[in-house]
Every structure is written in structure tokens, then in C-alpha cells.
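Q: If you want the building blocks of each chain, they are given just below.
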Amino acid sequence: MFLFFITSGLFLGWTLGANDAANVFGSAVGSKMVKFRKAAIVASIFVVLGAVIQGAGGSHTLGKLGSVSALGGAFTVALAAALTVFGMTKFRLPVSTSQAIVGAIIGWNLFTGNPTDYHSLTKIVTTWVAGPILGAIFAIILYLLLKSYLKKAQVHMLRLDAYFRNALLIVGAFGSYSLGANNIANVVGVFVPSAPNIVLDFGFFTLDGVQLLFLMGGLAIAVGIITYSKRVMMTVGNDLMKLSSETSLVVVLAHSLVLFVFSSSTLSNLFVSIGLPAIPMVPVSSSQAIVGAIIGIGLLKGRGAIKFGILGNISMGWVLTPIIAGFTSFISLFFISNVFKIKVVEELNSVKDIALHNDITNETLIGPINLYQPLLYIVIAFLLVVIIYLLWNIKHNKDLKIIEDFNEKEKTYQIQASLLEQEIEVSNDNNKKLEGEVNYKKQELINFALSIIQKNNFLETLNQKIEKIKSKNSKNVSINEITKLSKLVKENINLDKDRKSFDLYVNKVNSEFYYRLNKRYPDLTDNDKRMCALIRLKLSSKEIASLVNISPKSVEVNRYRIRKKMNIQHGERLSEIISKL
Amino acid sequence: MVKIFKTSNKVIKDIDDFYDTIQLGVLNFKEGVHNYLDGNISEFENNLKKIEKLEGKADSIKRGIENDFYLHSLLPNFASDILRLLDKSDDIIDKSKENLSQFDVEVPNIPEKLKADYSRLVEISLSAAESVIPSARLIFTSPDKAKEGLQKVFFYEREADKLANAIKRKLFREMDELKLSEKIHLRYFALHIEEISDSSETVANILSALVLKIRM
Chain A
2 MFLFFITSGL FLGWTLGAND AANVFGSAVG SKMVKFRKAA IVASIFVVLG
52 AVIQGAGGSH TLGKLGSVSA LGGAFTVALA AALTVFGMTK FRLPVSTSQA
102 IVGAIIGWNL FTGNPTDYHS LTKIVTTWVA GPILGAIFAI ILYLLLKSYL
152 KKAQVHMLRL DAYFRNALLI VGAFGSYSLG ANNIANVVGV FVPSAPNIVL
202 DFGFFTLDGV QLLFLMGGLA IAVGIITYSK RVMMTVGNDL MKLSSETSLV
252 VVLAHSLVLF VFSSSTLSNL FVSIGLPAIP MVPVSSSQAI VGAIIGIGLL
302 KGRGAIKFGI LGNISMGWVL TPIIAGFTSF ISLFFISNVF KIKVVEELNS
352 VKDIALHNDI TNETLIGPIN LYQPLLYIVI AFLLVVIIYL LWNIKHNKDL
402 KIIEDFNEKE KTYQIQASLL EQEIEVSNDN NKKLEGEVNY KKQELINFAL
452 SIIQKNNFLE TLNQKIEKIK SKNSKNVSIN EITKLSKLVK ENINLDKDRK
502 SFDLYVNKVN SEFYYRLNKR YPDLTDNDKR MCALIRLKLS SKEIASLVNI
552 SPKSVEVNRY RIRKKMNIQH GERLSEIISK L
Chain B
4 MVKIFKTSNK VIKDIDDFYD TIQLGVLNFK EGVHNYLDGN ISEFENNLKK
54 IEKLEGKADS IKRGIENDFY LHSLLPNFAS DILRLLDKSD DIIDKSKENL
104 SQFDVEVPNI PEKLKADYSR LVEISLSAAE SVIPSARLIF TSPDKAKEGL
154 QKVFFYEREA DKLANAIKRK LFREMDELKL SEKIHLRYFA LHIEEISDSS
204 ETVANILSAL VLKIRM
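Those sequence lines, one after another, are chains A and B.
Residue 456 in our numbering sits at position 455 of the first sequence, with consecutive numbering throughout.
Residue 81 in our numbering sits at position 78 of the second sequence, with consecutive numbering throughout.
In case anyone wonders, no lab produced these hints; they're calculated from the structure.
Hints should not be assumed to be uniformly reliable.
No more than 30 angstroms apart at the CA atoms, straight line, and that leaves these computed lysine-lysine pairs for DSSO-like [to be verified]: (1) A:Lys443 with A:Lys469; (2) B:Lys216 with A:Lys152; (3) B:Lys16 with A:Lys412; (4) A:Lys410 with B:Lys56.
Note that the structure is a prediction, hence the values are computed from the model and not measured.
Please put together the full structure from these sequences, using the hints given.
A: What follows is the structure, encoded as C-alpha cells:
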């Protein structure tokens, strides 16, 4: 029956884990500084440890506010608080489990007529206000210290990144511990008066009923972290704190310190021992402590004035959440007690009754139950599991090594391939260069040819003119001399040195072309090949005639002969076939 | 926990190697152009070979660093800026190599009258690159000091601009003995050398933005 009633508290624990873990690891996971799996494991372990080791303080204060004596009442109060948190989150209203549970307890007080301890209430409300302020103060001090250290140390950004990653994990562990220690009272605090009176002796340590209750609450928070907090971390957590690594480290540490301060009885006792007032052990809102720390850093960096919207939201949460939770609690208690006829309060009418109730409780204490042997078996089983895991891990690592070796080899091959590609690129570039050179030489050849043609034309014209002079038979001009001149010009046309050197040049440039031509058409004579080389330069028949010093008609005859030898069909162009060679 | 420190140390070493390579590349470019201007062709070819190797090495180191940044989500808040910084720093050696190989392929005929100007342009343009590299190294340890060196880069970039313009003016207004094609060819070489200081300026701009981002 106890386990059934505690489900509402566990549900509250689940929502707390799902939402508030984002305050601790939100920015680290959101910015991928810490992997979610690692964060979830660390947070779960430390939340449970914090709840079991240091969770009693907050519950004690809540107990003073209103000791929910009946199990049905505790169930309803926790359910009302959970419904308030759930509903307000759904409507995007600022909400905190701490404020919801206080409101729900006051609702129970009102319903049952139990007097509310206003001294405790004042203490709780003061702490709510002090939480964000203290968060801001801690954040400012820590930020200044960190900044001055970093300025002096001049650590490389990447090394600093590695330090921050580990620091975020350690601070996150501390934050989770503090969250468990401080907020466990919200989750199962109302069930403390109804906790079973048993003591489990594990040999090395003992757990009493309340600690078992805290353990269950802690596990519920851990389940919330594992199952649902990733989504919150990736969305809400990230929106709340899009901060640099150093700022998020400071913010999380400040938040953790706030939660720790309000849950550490050791620290409180230390304060008392040195003559300072005791620190109240009160569950404070984790989100509000974070917001306080962020505002503190904002103020320090001088980024404009305080955002009153955020402060308004926090204040609204302080007022609205307890009212809604109190109202929900009151209505729920009414239904539970009148419709389902479940007892929501123990009828303890006088001081005497209360004393009697306590005596009975003490008498019915079960235990201590010796769990030394079962624990020993569990430890042995655990060790066996660890050994099996280690063996598996060694094998897995071996496999990984093989895969890594394979990847390494693949990488080497890829590098070799890329080197080969580079070589190909270089040779392609060289080819392009050579191609450019060939084109340049080809152009030079054409220019050479054209200059010879022009020269020949000129000499022809000159010759014609001389012939004209000769025909006029002028007395002033010695015919013999003119005849000599004409002869010389003719000789020049026939024995042109340029042409010879042109021939040499054609042979040199086209040596490869001649090779290909010879290979494909072995019947061609040297003259035919030369003709082909000139056709390849895209020269007209007239130009070729001028170059070779034959008539254009002879060129046409040569072309016809080449076509026949090369077996070129009607309709195909000789120049095209030659240029394609 | 240990793995992340190993990775960080490796990336720190890679970044140092990367900037060492760029620095060597820049020095080779400088020496190469001087050798070309002095007519020491075999030494120039040696410089070209070296810079080609260094450029390949810089590319491979840069790819390794990028890989580590993505794989281990290093510096999530600054990763994109730092990778851009490395990319643009790589442009300095890329351009140096490309320019030196253009000298090799196009063989510009630089008149005696202009050799001193080209030599000075190379000095100034590469001073911008030589000033930006220490700042890029410093950004990782002391961003404030990194910012101090950036003014030099902007100064050298402006000077390189001015000198390149002076060379171009001289080419087109005073040197009638050159053909238009030669003038255009030489103008491109002034532009190419100037590009290195432009790349250095781009790196300096990224650095100054990064300093602001880190300080925030």
C-alpha cells in the first residue's frame, strides 16, 4: 500500500529529474562539450548519493511547515504538486517543484485545520528570494576569480577546452549531488512521517526508512534524467544558457553552491559554531538559482540593465505556484477524503496523542535487518559482472584495434590515391603546357608559310613589272641589265632559301604527324606527305602552289592522287581527315 | 578524460605545424621571386618544388585539424571561426604557390627598370603575411596580444596596394617601349603578388572578429 501511495512522489521525482538535470548539464550537453550518456550516468549516480547522504535537512523544514501524517494525505499533496508542475509547464508558466510542494502542504494545512508554522514559512520564502541573489553573488565572485586566473595562465584555447570539459563533468557531478540533497525533500519529503520504521544493515553502512525513501526518490529523479532530460537539455536547457564554456562552468558551480548551502547541515553547524546564524535547510528552485547566476554574470559584464521580464517571471513563480498548488491540493484532498474515503490526516487531537503516536512509532520499529550476507552476494555478483564486462571489453578493444588498423591502412591508401591524383593533375598540366607549345609552333609555321607566300607574290609582281619594262624597249634602260635582274628574281623564286628552311621546319614540326601518316597510309610518297602537312595547316591550293612553286592545278591533281591513295570516299573532305590524324 | 587531453595536444601541435608550413612557404615564395628577378633559374625551380611540397603538406595538416574538430566537437563556440581562419590562412600559401608557378609557366619578361619595384612589392606584400602568422598563433593563447599585431598587416596591405598601383601606372604611362600585351602581362604579375597581402588582410579581419568574440 505504501508503495502505491508513494507513486505520486515518484512521479514528481521523475518530472524533477527530467526538467532540472538540464540546469546542471544543459549547456554542457547542448554545446556537445559533454556527451549526454556520460552526463546522464554521472547525474543519476550523484543525485542518488546526494539524496541519501544529505537529503534530510530540507525534509525537516518542510515537516515543520506541515507534517502530513497520513499516507493518503502525503499521496494527495505530492500529486497536487506534481499536477501543478505538469500543468504550469504545459502552459509555459514559470514553475518550481519547491514552490509547488510548499503550496500543496499549505493546502493540506488549510484542509485539515493544521496550523501553518509561519516562522518556517517565512524562512522558506526568504530562502526563495535569497537563492537567486546568492546565485548571482557566487557567479560574480567565481567569474572574476576564473577570469583573473585565465588571464595570468595564458592557457592554449584547446587545452582550456579539455580542462573545461572535465571541469563541467566534475561540477555537474557536484551540481547533481546538491540537486539530490536539496530537492529530494520536494519529491518524498511529505512521505517522511509515513516512512516505514525499518533499518537495513548492509554491513558497511545502514539505511533507515527515511533514507530508503530518499533512495527511492533519488532513483525516480535518476530515471527522469535518463529517460527524458535529453530532450529538455537540447531545447530548454540550451535556450536558457547559450553561454561560453567558462560562463556555463561558473553558472553551474554557483547554482550547485546555492543548492549545497541550503542543504548542508555540516555547513550550517559550522556557521553556528563560529557564532553565525544557522543556514536554513530549505529546498530552493534549481532553475531560479541558475537564472540568478546568469543575471549576476550579465551585470558583471555590463550588458545593459537587469531584464525585468525574467525577474518578473521568477517573482510570479514565487506567488503563483504556491497558490495554484495550494488550491489544487485543497480540492484534491476534498475529493480523496470524501469521494474515495481515504484518510488524509491522522486524528491526533492533543499533545498527549502526539506523544502516544510517537511512542507507538518507536515501538513498531523493525530491525535492524541484517543484510550483510545478501550484500556480500550482491558484491560478488557485481564483481563477476565486472570481470565478464572487462573480458568482453578486452575482446571488444582488440576488435576495435583491428578496425582501427584497417582504417589506418585505408587512410594510407587514400593518401596514396590522392598523391597519384595530384601526379595525374601535374602531368595533365604538363600536357596542357605542351599542347599550348604545339599550337604556338603551329601558328608560327602558318606565319612562316604566309610570309613566304607574300614574298613569292611580291617577287612575281616584281618580275611582271620588269617584263613590262623590258617589253617597252626603252633606250634609257639597258635591256641586258633588266634581263639579268629578271633572271635573278626568277632564281630567287626557284631557289628560295626560305622555302628550304620552311621545308625543314615543316618536317621538324610534323615529324609525329608524318609518323602517324606513314603508319596509316604507307603508300604515300614524300611529296604526298609534304602536301598533307601543308593541307593540315589549312592553306588553300593557291597558297600551297605558291609555297611549293607549282601551279594551283598541279596542287589539285596532287590532292586527287592523295585522295585515291588514302581511299577517301566521295563527300568526305581531305582536309578534315588529315586534321583529325 | 585522458583522451581529450591527447586530442587537444595533437591538434595544438598540428596548428603549430600548419603555421610553420605557411611561414616556410611564404619565405620560399619570397626567395623564389627574388631568384627569378636575379635570373637564378635553377634556384627558382628549387623554390617552386619546395613550395609545391609545402602547400600539399599545409592542405593535409588542415584536413587533419578539421577532422579532429568535427570528430571531437572541439571548441564548440569558436569551431566555425577557427576553421575559417585556418582555411583563409591556407589561402596564403595556396596563392604563393600559384603565383610562383605562374612565374614558371608564363615567364614574364620584367624590364630592368621595374625589377626593383617588383622586388619591393614582394617584400611589402609578404610582410603582411609574415605579420599575420604570429597573430594567428597568438589568438589561441593570448587574444589581446594577437590584436596588437594586426595593425601591421593592415598597414602593409595598404602599402602593397599603393606600390602595385605605382607599378601599373609606370607600366602604362611611362614605358612606351613595351607592347600592350607585355604591359598587360606585367600588370597581372603585380596583381598576383598583391593578392598575398589581400589574403593576409582577410585572415587579419577574421582574427579581429575572433578576438571580439573570445573577449565577450
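Q: Are the hints correct? Go through all of them and say.
A: Okay, the hints, checked on the actual structure:
1. A:Lys443 with A:Lys469: 39 angstroms, violated
2. B:Lys216 with A:Lys152: OK: B:Lys216 and A:Lys152 at ~16 angstroms, within 30 angstroms.
3. B:Lys16 with A:Lys412: Distance ~20 angstroms between B:Lys16 and A:Lys412 Cα, so the pair holds.
4. A:Lys410 with B:Lys56: 23 angstroms, holds
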